[in-house]
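Engineer: Sequence:
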Amino acid sequence: MSDSETNSLDNLVKRDSLVETNSDWSDEEVAVRAGLPVGSLATGLCYDIRMRYHCEVRPTSEVHPEDPRRIYYIYKELCRAGLVDDPESIQPLAPQPLKRINARSATEEEITLIHSEAHYAFVRSTQGK
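Per my numbering, the very first residue in the sequence shown carries number 84; after that it's consecutive.
Please keep in mind that the hints were generated in silico from the structure rather than gathered at the bench. In this text the structure is predicted, and so the values were computed from the model without any measurement. No incorrect hints appear here.
Here are the in silico distance ranges between beta carbons for each label pair:
#1 R183 to R207: 26 to 36 angstroms
#2 R133 to A204: 13 to 23 angstroms
#3 C138 to I184: 18 to 28 angstroms
#4 R207 to Q179: 38 to 48 angstroms
#5 E192 to D131: 19 to 29 angstroms
#6 P151 to G127: 12 to 22 angstroms
#7 L176 to Q210: 34 to 44 angstroms
#8 S123 to A204: 41 to 51 angstroms
C-beta atoms are modelled at their ideal positions from N, C-alpha and C, and glycine is treated no differently.
Work out the full structure, taking the sequences as your base and the hints as a guide.
Structural biologist: Okay, structure coming up:
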């Protein structure tokens with residue numbers, strides 16, 4: 084690499100917060116990534132306040148991946164970064180904030196892609212209790 088290429092690469096690394104100077108990327112990998120075009124398609128966000136009420140009927144000692152606190156804190160961070168058009172956003176909105184996708188109830192077919200039929204039946208049996 085020539086001196087001018089190295090200086091240009093150093094400037095790129097300083098400007099791009101995703102590429103840290105102590106990164107394990109090689110100089111070639113950084114240069115290749117720098118040449119990629121920036122996408123113009125919107126990125127979606129599906130979030131509903133009802134996600135805060137997810138709970139386990141039979142709690143275990145393991146942390147469930149759908150822990151409402153985890154989902155809420157991720158959402159709050161996106162708001163704080165100005166990526167979500169929401170009253171909780173404290174930063175000015177990003178030039179292209181996340182596009183809201185309305186939440187809907189999952190179908191039985193979708194749920195049983197992840198959970199067993201027995202689990203689905205058990206959860207349905209708790210409805211209205």
